[in-house]
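Colleague: Note that the numbering used here has the sequence shown beginning at 155, numbered continuously upward.
If you are wondering where the hints come from, they were derived from the structure by calculation, not from laboratory data. Where hints are given, some of them may not hold.
Pairwise CB distance ranges (calculated) [stated by the list, open to error]: (1) Gly-160 x Leu-209: 27 to 33 Å; (2) Gly-177 x Ser-229: 25 to 31 Å; (3) Glu-170 x Gln-194: 15 to 21 Å; (4) Lys-171 x Ser-229: 27 to 33 Å.
Every residue gets a Cβ at the ideal spot worked out from N, C-alpha and C, and that includes glycine.
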Amino acid sequence: MKNNKGVVSVSPEHIEKGIAKYGGTIEVHLTSIIKAAGLQYTPYQFNDGRILLVLPNNVAAFLYDDKEVLFDALSLGA
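Just need the whole structure built from these sequences, with the hints factored in.
Modeller: In structure tokens form, the structure reads like this:
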């Protein structure tokens, strides 16, 4: 389900398929920011610039249009 902020909730059965289909790789810099904030997400960046934050055990994920949308949602924007 997509909202106005460029964020889509992703159900568990689509997480691995999406990572494989869109060339998702773990984003190291975002990983350090997220861990420092005390969050438990694993961030993947897709070839098209979208960011997928995956909860532990792939119970759910959130797909952001880009890093700017993600940073705004996490209140990390400039």
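Colleague: Run every hint past the structure and note whether it holds.
Modeller: Hints and how they fare:
no., hint, result
1, Gly-160 x Leu-209: 27 to 33 Å, "19 Å, violated"
2, Gly-177 x Ser-229: 25 to 31 Å, "28 Å, holds"
3, Glu-170 x Gln-194: 15 to 21 Å, "18 Å, holds"
4, Lys-171 x Ser-229: 27 to 33 Å, "30 Å, holds"
Violated hint for the displayed structure: number 1, the only one.
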